[in-house]
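Peer 1: Since the structure of chain X is already known, use the hints to place chain F on it.
So the protein sequences, as listed, match chains X and F. The opening position of the first sequence corresponds to residue 86 in the numbering used here, with each subsequent residue numbered one higher. The opening position of the second sequence corresponds to residue 4 in the numbering used here, with each subsequent residue numbered one higher.
The set of hints was computed from the structure by calculation and includes no laboratory data. Fair warning: there could be bad hints in the mix.
[Claimed, not checked] Straight line, CA to CA, 25 Å or less: simulated SDA-like cross-link-like pairs of lysine to any residue: (1) F:58 to X:181; (2) F:76 to X:185; (3) F:73 to F:102; (4) F:76 to X:144; (5) F:81 to X:142; (6) F:76 to F:11; (7) X:142 to F:33; (8) X:142 to F:28; (9) X:142 to F:6.
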Amino acid sequence: KAGVTQTPRYLIKTRGQQVTLSCSPISGHRSVSWYQQTPGQGLQFLFEYFSETQRNKGNFPGRFSGRQFSNSRSEMNVSTLELGDSALYLCASSLIGRGNEQFFGPGTRLTVL
Amino acid sequence: AQTVTQSQPEMSVQEAETVTLSCTYDTSESDYYLFWYKQPPSRQMILVIRQEAYKQQNATENRFSVNFQKAAKSFSLKISDSQLGDAAMYFCAYRGGNDMRFGAGTRLTVKP
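Next up, chain X with everything else stripped away, as it sits in the complex (with noise of 0.2 Å):
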């Protein structure tokens, strides 16, 4: 099975852009997770999507949203980009389930100017 992508690896903006991250889960998982990277504050959940649905929202402003379509693949989008969320976002896939192995995509290296 292809692994999970993610598109673009790398992303270069200004602030007060927006930008949308793209997740490619493994074929049969419907449970797709965003994660922030970085040095500061290692990696920070920031939503599970399952069926189109947000199941979970971490501590994050609304800037940051997300959706999942019907194919599962999902994507992420941060309006008004501040310096601080220059970061890695990773996308997790998995089968339902809390005990079940996230399968981690590359990332996408996010840096706001």
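Peer 2: Relative to the frame of chain X, chain F by itself:
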């Protein structure tokens, strides 16, 4: 709020020796899962081992094993016969209720 603490930012081990990475967590849930993930340099995060809170037996996966102390809320990872390929960031993770949290990570260096 549930927190996951990895008190060792960096660890070093000689090849073929054993190393233990520490993790403690805080939760009021009774049903949850614990994981150790590995993130090699410039590579994707992969699952090393998982433990269900209801299972008393410690999980083992080849050279990797855990010491799960539920009452103490401790979940350490032991790597036996360390190999150069074990060098990576290791993250302890907790999943319970609607929550998924990771520790800050421990960078493991393996010396030849």
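Peer 1: Give a verdict on every hint.
Peer 2: Now for the hints, and whether the structure bears them out:
1. F:58 to X:181: Holds. Residue 58 (chain F) to residue 181 (chain X) sits at ~20 Å (cutoff 25 Å).
2. F:76 to X:185: 21 Å, holds
3. F:73 to F:102: 18 Å, holds
4. F:76 to X:144: 24 Å, holds
5. F:81 to X:142: 32 Å, violated
6. F:76 to F:11: 17 Å, holds
7. X:142 to F:33: 21 Å, holds
8. X:142 to F:28: Answer holds: residue 142 (chain X) to residue 28 (chain F) is near 20 Å, not above 25 Å.
9. X:142 to F:6: 16 Å, holds
Against the hints set out earlier in the document, a violation occurs for number 5 only.
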